[in-house]
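*Asks:* Residues per chain, in single letters:
There are 2 protein chains.
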Amino acid sequence: MGDSIKRLAVLGSTGSIGKQTLDVVRSLPDRFKITGLAAGNNIQLLNKQIEEFKPEYIYYCGADKTKYKNQRFINMEEMVSLSDVDIVVVATPGGSGLSPTLAAVKAGKKVALSNKESLVSAGKIIMEEAALNNATIIPVDSEHSAIWQCFEGESKKCARIILTASGGPFRGYLKSRLDEVTPEQALKHPSWKMGRKVTIDSATLLNKGLEVIEAHWLFGMPYENIRVIIHPQSIIHSMIEFPDGSIKAQLGYPDMRLPIQYALTYPERIDNQEIPRLDWNALVKLDFEQPDLDTFPCLRLAIEAGKEGGTAPVALCAADEVAVELFLSHRIKFNSIAKLIEKVLKQHRNIKQPTLEDIYSVGSWARVQALELATGVN
Amino acid sequence: MGDSIKRLAVLGSTGSIGKQTLDVVRSLPDRFKITGLAAGNNIQLLNKQIEEFKPEYIYYCGADKTKYKNQRFINMEEMVSLSDVDIVVVATPGGSGLSPTLAAVKAGKKVALSNKESLVSAGKIIMEEAALNNATIIPVDSEHSAIWQCFEGESKKCARIILTASGGPFRGYLKSRLDEVTPEQALKHPSWKMGRKVTIDSATLLNKGLEVIEAHWLFGMPYENIRVIIHPQSIIHSMIEFPDGSIKAQLGYPDMRLPIQYALTYPERIDNQEIPRLDWNALVKLDFEQPDLDTFPCLRLAIEAGKEGGTAPVALCAADEVAVELFLSHRIKFNSIAKLIEKVLKQHRNIKQPTLEDIYSVGSWARVQALELATGVN
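For the record, the sequence lines run as chains A and B.
So that you can map any letter, position 255 of the first sequence is 255 in the numbering used here, and since no number is skipped, the others follow by simple counting.
So that you can map any letter, position 68 of the second sequence is 68 in the numbering used here, and since no number is skipped, the others follow by simple counting.
Be a bit skeptical, because a hint or two may be false.
Since copy identity is lost for identical chains, a pair holds within one copy or between any two.
[Said to hold, decoys possible] As a list, the in silico EDC-like pairs of lysine to aspartate or glutamate whose alpha-carbon atoms are at most 16 Å apart: (1) 197 with 321; (2) 339 with 255; (3) 188 with 279; (4) 156 with 287; (5) 69 with 279; (6) 54 with 255; (7) 69 with 308; (8) 193 with 23; (9) 352 with 304; (10) 33 with 86; (11) 69 with 179.
Rather than coming from a laboratory, the hints here were simulated on the basis of the structure.
Only chain A is shown next, with the shape it has when bound in the complex (with noise of 0.2 Å):
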């Protein structure tokens, strides 16, 4: 392949990742071209993206699809599966993204995959899939890119993983303050700039409990090796434990274009002075501090579904997406968040070695639950 140019799906381009996505694309003309665009309710903006980027190929969810005359419809699957792709960015939100992901990796693509909730889901399912057909799954979740970034050259065997969480908007919150406040104040990230459901998730900590589970698949680490670390400054992005104790670590400042550039480029690392560079003479500290699992029970329950297996983590997402959405129209409390999900997850019946249709039925069932139980929880 060297230095020819790679031709890109992305799916979820209207999103916070897509349009990062296209910033790179953009920057590095002669590196990528963009065979395929997906969205699911932007049609303004997926407008301008055609226009700009000029893709054989338009997923859109919404209703009108005949506008086009260049372009062909074709859904998400198909998309990926396209001879002429060679890389799929998934970066649709939520449950949206397994059906793609999966398609990708059964097709053998090179997957940038920013969307959490499918390795989370069906990890199982997708790694094994990836293996059989010779797909490479890139990371291009900022902590999960400093991890990949630093164990290249290095083995996985009895090494340890430290994510580093900002803490979010909330950090050193007492529980009963965090009873009080607002979705705005919510979706304020100190450091991340992001879209509205992961900020919420990122308020919760239950976003780093999810990245935790992912993890575990992406890098096949066991649970008891992986611990999370409060860095409000999100410098360090995350770190590796080698069986010597020496210890890796990745950082940059908290701009998601360099480890969305890294997994489109890997293994070449390309100057792209568009992405800012650590300020050496600005560079002052680096603060660390324990999780607060007692006003953040969010982290603990996503561990905890994590390591039981099975549908639990499929439960723990379908409730966290009514529970977050519930959240930001005002309908249940911050701190109900996690007793939403809680509540679901006591009722719900593990399937430990799920089918595709399982995970798909479970998602369904935690969706319906959440919102029945919703009116009991604040």
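With chain A held as given, fit chain B onto it using these hints.
*Replies:* Frame of chain A, contents of chain B only:
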């Protein structure tokens, strides 16, 4: 080679790094065998080491060479070239490391290099001989070991090195206050336990300048791509910035046994419970600041000598050896170490492409010169 026992020659076995090398060997008895020991001036300790490790070859630069029956006395250059030596640990101090290091690379050995002065004085010659004879030089210095580790699996092209420095015991001092500091104060390093010479060099920051020159040779790195950052906790041992802006760091407690073991077992990493693990519950913060080149001119002098090249670093090292000795024996003040080095460098006539003979003769000249100029500097 696999899991077979590696045979070691340890030069400088009674010094700080030599003793810690033997600690590592002691804790991993299935991996290493001591074939040769060389020491300079501590016959009591050398005798104990001979009793414990039963090497076949001995070098001692003091008088009494006839005591042992089971060991052969040979010089260091012969010892490092023996066919039954796999790894040579060069932990001799100052200028005495050059000749055996050169002999070891000429013999195509794996060289665990702790002695800074050999690369600083004769980096070009040593690296060329290493390439010619397929020798591998693995750094034992914590900073260069960190850089080596961070480069694993990565390209050196367009990378930048960020060398961390503790700042020594006098970090934050005003220059006037430095005129009053005693050798006893200078020997109390805040984070590292090291030999006397390197501890004083750490207090003046000359040591960090030598490390810049060493990094230049070891990693083929242009001087403009190497910078020094003060990091008082000595937890981050150094960093690399890659062309995409991503930074990798290597972390651990300041304990030389880790880089020593890494150099001996490379590319493997071995669990060794004797080496303390970073306690994530205790890690609260990491601080960074810029080096103060006005108060600590030795750092500037060393980097300038490195950039000048030729025999300038030779004169620097030799003048510093004398200056440190004079300071330790209370004959010059702390600030006069830099003054003396600067005076010697001003009188030095650079040989741009020195032979080994040039290097030795400039070294001798600079030592004599430093002694002569010493009376005038206080």
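*Asks:* For each hint, tell me whether it holds in the structure or not.
*Replies:* These are the hints, each one checked on the structure:
1. 197 with 321: Intra 8 Å, inter 62 Å, cutoff 16 Å: intra-copy only.
2. 339 with 255: Classified as neither; 32 Å inside a copy, 46 Å across copies.
3. 188 with 279: neither (24 Å within a copy, 32 Å between copies)
4. 156 with 287: Result: close neither inside a copy nor across copies, 27 Å intra and 30 Å inter.
5. 69 with 279: Neither way: residue 69 and residue 279 sit 47 Å apart in one copy and 61 Å across, limit 16 Å.
6. 54 with 255: neither (26 Å within a copy, 57 Å between copies)
7. 69 with 308: neither (50 Å within a copy, 65 Å between copies)
8. 193 with 23: For residue 193 and residue 23, only the intra-copy Cα distance (15 Å) is at most 16 Å; the inter-copy one is 49 Å.
9. 352 with 304: Within one copy only: 14 Å inside a chain, 65 Å across chains, cut-off 16 Å.
10. 33 with 86: Intra 10 Å, inter 51 Å, cutoff 16 Å: intra-copy only.
11. 69 with 179: neither (52 Å within a copy, 81 Å between copies)
In summary, the numbered hints that this structure violates are 2, 3, 4, 5, 6, 7, 11.
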